[in-house]
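Q: Sequence:
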Amino acid sequence: MNNQRKFARSLLAVAGLLTLLVAGCGGGEQGSTQAAGGPGPADAPPAAPGGPASAAGEVTLAGVTFTPPAGWTSLGAEGMRQAQFRLDPVEGDPAPAEVNVFYFGPQSGGGVEANLQRWIGQMVLPDGSDPSAAAQRSTFTADGMAGHIVSLDGSYKSGGGRPMGGDGEILPGYRLVGVVIEGPQGSLFFKLTGPAATARAMEPDLIAMLEGARK
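Under this note's numbering, the residue at position 129 of the sequence shown is numbered 114, and the numbers go up by one with no gaps.
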């Protein structure tokens, strides 16, 4: 009789151990399911289709491939900025110049003229006159893609964290160069800002890079 009781207790102990093991395994799967259901790519800002191209130094964004100059420092992507590049300040300038690249999707970001005017409005002229009259404009074509350029000097209203800039700190003695390329998957926006001398040193390489862009 005692042997039967001992055998029954052993069976109960084994059953209890199996129950604990099954519960433990089930809890692990539940945790994995919750983690997979957390925030994903849809919660992040939209990224431009494509990515770094296979050739060394090339970058492809939204179907447009370009090659940043070797002298630029790449800062990677951040928020709505699909790419960022920096040029160290030339002697006498207080800060570096930067090129920020934006892409908002095939049907987003606004028209070419609206963006050129937005950039122009981020500059304040010393005499308080209309910056639209002082802005220089030009166009180019790269592999069949239309490019639009606007540039001017003045005091720059830095973005204060806003993607395309504007209504932030006033930075005197700056230069802004904005370029829109009408690419196959929507417009790409390139914005160069910085102290005037450093920005002018970066500007020719920016224009050459974009004139050599391809689909």
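Derived from the structure by calculation, the hints contain no laboratory data.
Everything numeric in this text was worked out from a predicted model, so none of it was measured.
Backbone N, C-alpha and C fix where the C-beta goes; we use that ideal spot for every residue, glycine too.
Any given hint might turn out to be false.
Simulated crosslink set (SDA-like; lysine to any residue; CA at most 20 Å straight-line) [unchecked claim]:
#	residue 1	residue 2
1	Lys142	Ala80
2	Lys200	Pro111
3	Lys200	Pro169
4	Lys142	Ala127
5	Lys142	Gly48
6	Lys142	Asn100
7	Lys142	Val109
8	Lys200	Pro79
9	Lys142	Ser114
10	Lys142	Ala120
11	Lys142	Gln92
12	Lys200	Leu156
13	Lys142	Gly42
14	Lys142	Phe125
15	Lys200	Gln121
16	Lys142	Met65
17	Lys142	Gly90
18	Lys200	Val109
19	Lys200	Gly42
20	Lys200	Asp128
21	Lys142	Glu167
22	Lys200	Ala80
23	Lys200	Ala120
24	Lys200	Ser114
25	Lys200	Gln92
26	Lys142	Gln170
27	Lys142	Pro111
28	Lys200	Met130
29	Lys142	Pro91
30	Lys200	Asp112
31	Lys142	Ala118
32	Lys200	Arg103
33	Lys142	Gly153
Across the chosen pairs, the derived CB separations fall in these ranges [stated by the list, open to error]:
#	residue 1	residue 2	range
34	Gly113	Gly153	30 to 38 Å
35	Lys200	Ile155	13 to 21 Å
36	Ala182	Ala131	25 to 33 Å
37	Glu154	Gln102	16 to 24 Å
38	Thr124	Pro91	32 to 40 Å
39	Gly158	Arg122	33 to 41 Å
40	Ala118	Ile155	14 to 22 Å
Q: Compare the structure with each hint and give your call.
A: Checked hints:
no.	hint	result
1	Lys142 <-> Ala80	holds, 15 Å
2	Lys200 <-> Pro111	violated, 40 Å
3	Lys200 <-> Pro169	holds, 7 Å
4	Lys142 <-> Ala127	violated, 30 Å
5	Lys142 <-> Gly48	violated, 31 Å
6	Lys142 <-> Asn100	holds, 15 Å
7	Lys142 <-> Val109	holds, 8 Å
8	Lys200 <-> Pro79	violated, 37 Å
9	Lys142 <-> Ser114	holds, 15 Å
10	Lys142 <-> Ala120	holds, 16 Å
11	Lys142 <-> Gln92	violated, 27 Å
12	Lys200 <-> Leu156	violated, 36 Å
13	Lys142 <-> Gly42	violated, 32 Å
14	Lys142 <-> Phe125	violated, 27 Å
15	Lys200 <-> Gln121	violated, 27 Å
16	Lys142 <-> Met65	holds, 19 Å
17	Lys142 <-> Gly90	violated, 26 Å
18	Lys200 <-> Val109	violated, 36 Å
19	Lys200 <-> Gly42	holds, 16 Å
20	Lys200 <-> Asp128	holds, 7 Å
21	Lys142 <-> Glu167	violated, 26 Å
22	Lys200 <-> Ala80	violated, 34 Å
23	Lys200 <-> Ala120	violated, 29 Å
24	Lys200 <-> Ser114	violated, 39 Å
25	Lys200 <-> Gln92	holds, 18 Å
26	Lys142 <-> Gln170	violated, 30 Å
27	Lys142 <-> Pro111	holds, 13 Å
28	Lys200 <-> Met130	holds, 8 Å
29	Lys142 <-> Pro91	violated, 28 Å
30	Lys200 <-> Asp112	violated, 42 Å
31	Lys142 <-> Ala118	holds, 18 Å
32	Lys200 <-> Arg103	violated, 27 Å
33	Lys142 <-> Gly153	holds, 5 Å
34	Gly113 <-> Gly153: 30 to 38 Å	violated, 19 Å
35	Lys200 <-> Ile155: 13 to 21 Å	violated, 39 Å
36	Ala182 <-> Ala131: 25 to 33 Å	holds, 30 Å
37	Glu154 <-> Gln102: 16 to 24 Å	holds, 21 Å
38	Thr124 <-> Pro91: 32 to 40 Å	violated, 22 Å
39	Gly158 <-> Arg122: 33 to 41 Å	violated, 22 Å
40	Ala118 <-> Ile155: 14 to 22 Å	holds, 20 Å
In summary, the structure is inconsistent with hints 2, 4, 5, 8, 11, 12, 13, 14, 15, 17, 18, 21, 22, 23, 24, 26, 29, 30, 32, 34, 35, 38, 39 from the numbered list given earlier, while agreeing with the others.
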